[in-house]
Amino acid sequence: MNTPDKTGPDGLESASDRVVEIDAVSRYVRERLREMADDLKKVTYGNLNEINKQLDLLHASHLRVVIAEDKFHDKIGTDPDADAIDYDAIRDDIGRQLDRLRDALIAEGVLGDADG
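Each residue of the sequence shown is one higher than the last, beginning at 1 in the working numbering.
I should point out that these hints are in silico values taken from the structure, not numbers from a laboratory.
In this text, a Cβ means the ideal position worked out from N, Cα and C, and glycines have one as well.
Careful, some of the hints might be misleading.
[Claimed, not checked] Pair ranges (Cβ atoms, derived):
{"#": "1", "residue 1": "R32", "residue 2": "A89", "range": "43 to 49 Å"}
{"#": "2", "residue 1": "S16", "residue 2": "R102", "range": "37 to 43 Å"}
{"#": "3", "residue 1": "D17", "residue 2": "S61", "range": "23 to 29 Å"}
{"#": "4", "residue 1": "K75", "residue 2": "D99", "range": "23 to 29 Å"}
[As the list claims (entries may be wrong)] Here are the simulated EDC-like pairs of lysine to aspartate or glutamate, each with C-alpha atoms no more than 20 Å apart in a straight line:
{"#": "5", "residue 1": "K71", "residue 2": "D23"}
{"#": "6", "residue 1": "K71", "residue 2": "E21"}
{"#": "7", "residue 1": "K53", "residue 2": "D70"}
{"#": "8", "residue 1": "K41", "residue 2": "D23"}
{"#": "9", "residue 1": "K75", "residue 2": "D88"}
{"#": "10", "residue 1": "K75", "residue 2": "E31"}
{"#": "11", "residue 1": "K75", "residue 2": "D23"}
{"#": "12", "residue 1": "K42", "residue 2": "D23"}
{"#": "13", "residue 1": "K71", "residue 2": "D17"}
{"#": "14", "residue 1": "K53", "residue 2": "E69"}
Throw the hints in and build the complete structure from the sequences for me.
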């Protein structure tokens, strides 16, 4: 029976893709916010109120992006492969356990020598 893990229905392989995608979207949003902020550098006496409104909007948007990014990385992490299963270590451990069982059974005379 397949059960979805905490990374989502696509499984662990797509977790790293999700991290990359979220980082790319965050960078894109930050670039657009910078562009909008650059547009506000064209100051005239008549548009100061509009510039202040836009700056408030940019600031609030940037904070939302940073908070969303932090929540995402707290939940998923920055390196989804850090919690990946080390299959080589598991194989080595199983091999050692089988060797100990085999040696114990041979010592008790239950099994014959595997080599002969």
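Here's how the hints hold up against the structure:
1. R32 x A89: 43 to 49 Å: holds (44 Å)
2. S16 x R102: 37 to 43 Å: Cβ of S16 to Cβ of R102: about 39 Å, so the range 37 to 43 Å holds.
3. D17 x S61: 23 to 29 Å: With a Cβ separation near 25 Å, D17 and S61 satisfy 23 to 29 Å, so the hint holds.
4. K75 x D99: 23 to 29 Å: violated (41 Å)
5. K71 x D23: holds (13 Å)
6. K71 x E21: holds (15 Å)
7. K53 x D70: violated (26 Å)
8. K41 x D23: violated (27 Å)
9. K75 x D88: violated (27 Å)
10. K75 x E31: violated (24 Å)
11. K75 x D23: holds (14 Å)
12. K42 x D23: With a Cα-Cα distance of about 30 Å, the restraint between K42 and D23 is violated, given a limit of 20 Å.
13. K71 x D17: holds (17 Å)
14. K53 x E69: violated (24 Å)
When the structure is compared with the earlier hints, violations turn up for hints 4, 7, 8, 9, 10, 12, 14 and for no others.
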